[in-house]
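Novice: Generate coordinates for the entire structure from the input sequences, incorporating the hints supplied.
Next come the chains, spelled out residue by residue.
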Amino acid sequence: MTLREGTALLGDWPPGSRCDTNHQHTSGDPGRTKGGFMMHRKWAGVIAGLAVFAMVAAACTEDTTSPTTTSATPVEKIDVTVYAQGAWTGGVNSLTLPSFQGGQIRFDELNADPTYPATITYEPADTQGSGTGAPPIAQQAAQDPRTVAIFGPAFSGESETTGDTYNEAGIPFITASATSVTLAGFGWDYWYRAVGNDDAQGRLAAQWVAEVLQPESLYIIHDNTTYGKPLAEIVEQAAVDAGVQILGKSGIAEPAIDTGTTVDFASIITDVQASGADTVFFGGYFVDSGPFLNQATAAGLDITLISGDGSVSSDFVTLAGEGAAEGTLLLAPSNVDSSFVEKYNQAIGGDALGIPVYAGEGYDVASLIGEGIKAAIDGGATTPVEIRLGIKTYLDSLVTGNEFQGVTKDYAFAQDPHELSTAADELYYFYRVEGGVLVNLGNAVEVLG
Amino acid sequence: MDCVTGVGDQFWAQTRNGLTVGSIYAMIALGYTMVYGVLQLINFAHSEVFMVGIVASWHVVNRWFGVVGPQTGSALFLVMGGSIGVAMLASGLTAITIERFAYRPLRKRGAPRLSFLISAIGASLSIQYLFALMDGRHSLLFITLPNLQGTAPLPFPTVMESQPLFSVFGAPFTNRQVLVIGVAVTMMFLLDAFVRRTRLGRGIRAVAQDPETASLMGVSIDRVVVTTFFLGGVMAGAAGFLYVMLLGAPSHWAIGFLPGIKAFAAAVLGGIGNIRGAMLGGLVLGLVEAHGTACVGSQWQTVISFMVLVAVLMVRPQGILGRG
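Top line first, the protein sequences correspond to chains A and B. Under this note's numbering, think of the first position of the first sequence as 642, with each following residue one higher. Under this note's numbering, think of the first position of the second sequence as 834, with each following residue one higher.
For the record, the hints were derived by calculation from the structure and aren't laboratory data. Here a beta-carbon is modelled for each residue, glycine too, at the ideal position from N, C-alpha and C. Please note that a few of the clues may not be correct.
Just some of the chain A residues that point at chain B, by a computed CB distance under 10 Å [unchecked claim]: (1) G732; (2) K870; (3) T903; (4) A907; (5) T911; (6) N935; (7) A939; (8) G941.
Specialist: Have a look at this one:
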C-alpha cells in the first residue's frame, strides 16, 4: 500500500474541514470492495497509514480551530484530468456555466489541500450544448489518457449522443443538470445523475397547474429535443390525469438549441389563439421559450407561460423581454437561492451569473468526483484506468444509509440506472418572474402542500 | 378531419403568417436565382450573406443607436432606415467579396462546375466560423477579431411596438407584418424593374441568355457578375433586417443556414434562374409551411414544405414558372 492509501484509514473529511471528526460522509474502502486489489502492499500500507495518521493527528491537535489550514504534511499527488462537457460558450451556456463554475470552486479547494492525493486538471469539453456537435469532443476527452471522470454531459441531447463513448471507455460520467427521463434507458453502467429527473418535474408541473394555478385550459409546446419532448409528454399525461383540459399541442421543427436559428412561432401562436387556451406549458430551453413568449406577446396573445429548468436561465428574460416575461412560472430541481449562492458569488465574482442554476449541484458533483478520486487512490489506484474504476466503486457505494452529504442535498444512487435515490419533491423549486427577476416561491412541498 | 378543421379555422391567419415569412424567403431566394441565372452556379454561401445582414442590423441597432425600447416618429424612421441601409450594404459587399475570392479565380481558369460547388461550401463554412469567433474573445493571425455578436444571446430590441393595424377576414395584421410584406414587395418590384428596364439589367439578362454573345456585344461580364452578386446581397441584407425585426432574434453565426436552405428550395420551386419565379416560390413555400402547420402540426413543418417541393418538381421539373 502506498502512502496515499494510508490516508484512507483516517476516513474522508468533509470539504474544507480536514480535521473535523464530525464527518459528513465516510466513504467505502475501494480496496476492500475490489477484493485482492493491491493486497501485496497491505503491510507497507498499514505502516505508512499509521505514520500519516500520527502526523496528521499531531497537526490536528495543534490547530483544531482552523480546519482549512494547509499546514499538514503534503502527499505525493497524482495528476488526473476531469473534463466538464457542456456549453462553456455559445448561446445556451447560461444554463450550464454556473454548474461548471461550482465545480471549479470545489476542484480549486481540493487542489489547494496539501493532503489531497491528486492534482485535478479541470478541462472544458465545450460542446456549446449541441448534441450533434458533441461526439468528436467527447471522443477527444475519452481518449485523453489522464481522464478519470466526466463532469456532465450537461444537456440531455449531448448525453444521448456521447454516453456510449464514455460508457464503453469505462469513464464515470456524472451530470449535474441533464434531466431527461430517456437517459436512464440507455443501460449506461458508468452514468450517474446527481439531480432529479423530468419524471418528477413533469408530474409536479402538472400538479402545480391543476391544483394551484387552475387554468381553464392548457396548451403544450415542446422543442422536439431529448429533453423538451419527453418533459412535455409527462406534463400532458399528468395534466390529463388531473382533469386539466388540453386544447392543443405543438412541436418545433428546428429548435434554436440545435440550429442557432430563431424559430418563427407565428403558426404555433395562431394555433394557440385559435384554441383559446389561457396557459401554455413549454417543454424546452430558454432559447426557444424566450422568443416564443416575445413573439406571442407581440402578436397580442395573453397567456401564462410555464416552463421547466431549461428556461431557468439568466437569458430567458432577456430573450422574452421584461414585459413579456412578467408572471412566467418556472420550476427546476435546483434552488437558485441556496446558501451556496453566496459562496458562489464571492468565488466567481464578476463572472457569476444572475441566476446560478445548478451551481450548488455542480459543486457537489465535483465533490463526488473528488471523493471518488481520493477513495480510489487511497485504495491503491495509481493509474487513470484504476482511478476510473475506483471512482465508480465509490459512487456505487453511495446507497441509502451511506449518503454523501453535499451542499444542496444528500447523494445516494440507485443501481441500474444510477438515478438519484435521494431525490424528493422538496428538491424541486418553483419560481415566478417579477420585475425581470426570478422570485423563489418555495419548494414543491411548500407550494403544493 | 383535424387537418381540414385546422386549415379551415385558421385559414386567413395562417395565410397572413405564410405571406409574411414567405416574403422573407422570396427576398433571399432572389440572390440564389440571380446568381444561377448568370453563372449557372448555386451560391451556397448566400445564406451567410443573409446572416451578415442580420449581424449588421443587430449591431447597428444595439451598438450604434443603443436602442433599448420601442421608437416612434423620426427616431423610428432613422433607426430602421439606418439599420436596413447598413444591412443591405454589408450584405452586398459580402456577396461581392465572396464572388471576388471564391468564384472569380475559378471562373477565370475555366474550372469545372464541381469546383465552384466546393468553393461555395468552403466560403459558407469559412464565413460562419469567422463570425462564430467574433465575440470579443478571439484573435486570428495576431489580429483581435471585433466583438460583433457578444458572448450572450442578445435579442434584437423592440424597435417598433407591435400593434394591430387592420384585419382581413378576422386575421389581424400587425404593423411589423405589414412592414415586412410592404418592404419585400417594394424591393422585389424595384429589382424586377431594374432588371427589365435599365441598361445594366439588360446586360444581366443578356449574360444569362448567352454570355459569349453578350461579351462580343460589349457587355462586361465581370461587371454584370459583380452587379448580380451585389443586388442579390442587397436583397438578402434587407431580408436579414426584416427577419430579426419580425422575430426579435438574437444574432447568431448559424442563423442563416435554415432560412437559406428554405430560400434555395423556394428558388427551385419557382424555377431557378427566374426572378419572378423566386418571388412566387418564396411566397408559396411560406404558405405551405403555415397551412401545413395547421394541418398536421408544426413539428412537420419542414417535412411538408420539402414534400411539396418534391411533388411539384416531379410534375414540373423546371419549377412553377420555369427556368429563366
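Novice: Does the structure break any of the earlier hints, and which numbers would those be?
Specialist: Failing hints: none at all.
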